[in-house]
Amino acid sequence: MNESISNLWSIPLFIIIPILAAILLNVLYSRKRAISVTAAVSSLALIVVSVLSPFGFHWFTGQPAVLPTGGYTYRADLLGWNLALEYYYGPLQQIAIFLASVLLLFVVLIAINSLKKNTGTYISLLFLTFMSAAIVIMVNDFYHLWIGVEIGSLIVAGVVLATGEAVSQKAALKYTFFSALSGAGLAIALALILGVTGYANISDAIIAMPLNDASLASVLYVAFGFTVLSWIYAGGLAPIHPLKADVYGSAFPHATILLQTQSKLMLVAIGLVILRLFGTLPFAKEVMLSVSVLTMMIGVVMAMLQTDFRWTLAYLIVSHSGLVTLGISLGTVQGIIGGLFQAVNDVVYMSVLLLACEGIYYFGRGTSIKTVSGIAKRAPWLAVAAIIGAFAASGVPPFNGFQSEIILIQASLNYGMPELAIVVLMVSVTTFIALFKGIYNIFLRPDDAPQAGEKQGMPVPRMLYVCLAALIFITILFGVYPQLAINFLNEAALKVVYIPWVP
Amino acid sequence: MIELNLQFLSFMAAAVLVVIGLGGMLFLDNLIKKIIAFTLLSDGVNLALVTLGYVEGGIVSILEPGTSGAAFPTNAVLIFGPGIVLTNIVIGVSTTAVLVAVTMVLYQRYGTLKASKVLKGERK
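Going line by line, the protein sequences match chains A and B.
When we follow the working numbering, the leftmost residue of the first sequence carries the number 1, and every step to the right adds one.
When we follow the working numbering, the leftmost residue of the second sequence carries the number 504, and every step to the right adds one.
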């Protein structure tokens with residue numbers, strides 16, 4: 001699709017539709033049929049807009065910062081006055097928003113089928129989760145980036161609180177307190193960049209960045225530090241990974257699908273901004289790589305120690321965030337493609353595993369690998385889904401995880417750091433062990449209490465089967481035909497490396 | 504030598520607020536006090552953002568008839584800082600509301616406001 005320089009009307013729809021849906025769903029509150037129709041129509045509208053929207057800009061202050069040709073519109077005589085608050089919609093944004101809106105549709109349909117009360121308020125929070133992710137992935141200015149991250153963290157707290165459990169309330173409290181710190185940090189970073197460059201637009205700021213001015217180096221490092229802090233927070237990277245793992249583990253599994261999608265999109269978006277803006281600073285990539293490696297290692301080790309399948313997945317999501325950031329942090333075209341593709345695949349196969357986890361909850365009235373057993377006999381299809389998800393997450397061919405992990409390994413080797421390739425392999429193997437420990441105990445271990453009627457499960461929403469089938473199809477499709485996704489990611493990777501001022 | 508002008512003093516005041524707020528959030532045990540510390544932190548950030556736009560002897564950033572187009576960008580105070588502050592106030596209020604709501608729910612459950620007890624799941 002050709003890029004347009006006109007002020008695209010379709011881009012704000014990714015924000016307007018979820019907000020309108022959220023308002024309407026709140027008003028509808030507990031009228032289930034009306035909520036189902038509104039939520040389904042709104043999600044479908046988002047899918048349609050993501051497919052049909054042309055590529056280009058939507059700007060709020062008169063003119064775009066950068067032309068599609070790479071040309072540049074800012075005027076030096078109007079320093080600080082060309083705000084150019086803008087969104088950009090390109091191939092990366094298209095695949096990310098398309099995938100997020102498909103997952104939103106699945107999640108709201110499952111939520112409507114499984115929840116008994118206050119459905120409208122809860123579903124409205126799911127729509128706002130999507131909205132915050134859409135803002136952050138499209139944004140090309142610090143102002144909206146900061147607002148997207150702030151709104152996103154408040155909504156995450158709301159989604160987690162919906163379970164009503166004590167563990168969720170504590171997770172939400174900790175997460176919100178840290179969001180206050182991280183949000184303040186991002187605001188300070190914004191202020192520093194604005195002070196140093198005079199621009200809120202990322203493209204403008206990159207051009208005006210005084211990288212050779214030694215007197216401003218400390219300011220740039222402080223701005224870099226605060227931006228990395230918000231990256232770590234938004235993506236749940238080490239050393240604050242327990243906060244995010246708590247959030248994933250204490251939310252409903254179907255909600256975790258959307259939460260982890262939001263996290264991955266924020267990781268990608270903020271990671272690319274850091275690379276574009278600070279990539280040439282000495283040690284910037286090294287800091288990012290260190291955070292990635294720490295996240296991967298700590299995440300998988302913690303996943304191995306869990307005795308609840310839900311928490312195993314929570315820590316694996318954190319660990320696999322490190323795979324995404326590893327690719328981005330390498331800063332090469334191959335590395336960035338690997339990181340972006342890993343984000344896409346991760347969202348899909350983790351969704352398969354989380355839906356399988358929700359299925360386990362219905363069949364076994366819990367997800368503990370100590371108390372739930374023998375599910376394969378009652379739900380063989382669920383066992384197959386969980387095994388496919390586990391194979392994909394472990395990087396076993398022909399599933400999608402294999403394709404992105406092999407790119408990451410090649411990128412690490414080409415970058416001259418074979419030790420990173422070894423870490424990726426180690427994460428794959430450990431993921432396999434952690435997942436199959438849970439799968440064996442829950443599905444294949446003989447039932448501990450086989451008396452009739454003692455372990456009657458709850459009715460499983462039919463929508464769960466449909467969503468699992470669709471996600472497994474995508475898992476295999478991207479595993480067999482990786483170019484279907486990679487074609488959307490090439491352009492973003494090339495721009496970041498060669499023309500970073502172009503979003 | 505550092506010049507003690509209004510902008511420098513204002514930045515110092517902002518830094519003091521940020522440090523007090525950060526210290527309170529990290530080291531105080533009472534959840535309400537932590538929330539108050541967060542508001543101090545937020546105020547410090549707001550002050551830093553407003554100070555950023557300060558221009559010595561500057562003019563209000565409204566382009567009035569007769570104002571020189573060439574001189575305006577260099578003399579007018581930077582308007583973007585106060586713009587961000589406005590948003591930060593709204594976000595700060597929302598965050599405070601969420602924190603107070605969760606604190607109330609946890610107080611009803613555990614009967615204490617001590618973060619150390621609440622997070623361990625201990626009752627008063």
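Incorrect hints may have been included.
Lysine-lysine pairs mimicking DSBU-like chemistry, simulated, CA-CA at most 35 Å apart [to be verified]: (1) B/K617 with A/K117; (2) A/K32 with B/K536; (3) B/K620 with B/K536; (4) B/K536 with A/K370; (5) B/K623 with A/K116; (6) A/K495 with B/K617; (7) A/K437 with B/K536; (8) B/K536 with B/K617.
Okay, the calculated beta carbon distance ranges per label pair [as the list claims (entries may be wrong)]: (9) B/Q510 with A/F432: 54 to 64 Å; (10) B/P585 with A/L484: 20 to 30 Å; (11) B/D532 with A/L477: 48 to 58 Å; (12) A/A470 with B/V558: 52 to 62 Å; (13) B/S597 with A/I406: 40 to 50 Å; (14) B/L531 with A/V219: 22 to 32 Å; (15) A/F473 with B/L531: 14 to 24 Å; (16) A/K32 with B/Q510: 30 to 40 Å; (17) A/F432 with B/S619: 36 to 46 Å; (18) B/T590 with A/A214: 48 to 58 Å.
What the hints contain is simulated information worked out from the structure, not anything from laboratory work.
Positions of the beta carbon are idealized from the N, C-alpha and C atoms, including for glycine.
Quick rundown of the hints versus the structure:
no.: 1; hint: B/K617 with A/K117; result: 32 Å, holds
no.: 2; hint: A/K32 with B/K536; result: 41 Å, violated
no.: 3; hint: B/K620 with B/K536; result: 15 Å, holds
no.: 4; hint: B/K536 with A/K370; result: 40 Å, violated
no.: 5; hint: B/K623 with A/K116; result: 30 Å, holds
no.: 6; hint: A/K495 with B/K617; result: 50 Å, violated
no.: 7; hint: A/K437 with B/K536; result: 44 Å, violated
no.: 8; hint: B/K536 with B/K617; result: 10 Å, holds
no.: 9; hint: B/Q510 with A/F432: 54 to 64 Å; result: 58 Å, holds
no.: 10; hint: B/P585 with A/L484: 20 to 30 Å; result: 47 Å, violated
no.: 11; hint: B/D532 with A/L477: 48 to 58 Å; result: 52 Å, holds
no.: 12; hint: A/A470 with B/V558: 52 to 62 Å; result: 57 Å, holds
no.: 13; hint: B/S597 with A/I406: 40 to 50 Å; result: 43 Å, holds
no.: 14; hint: B/L531 with A/V219: 22 to 32 Å; result: 30 Å, holds
no.: 15; hint: A/F473 with B/L531: 14 to 24 Å; result: 52 Å, violated
no.: 16; hint: A/K32 with B/Q510: 30 to 40 Å; result: 58 Å, violated
no.: 17; hint: A/F432 with B/S619: 36 to 46 Å; result: 38 Å, holds
no.: 18; hint: B/T590 with A/A214: 48 to 58 Å; result: 33 Å, violated
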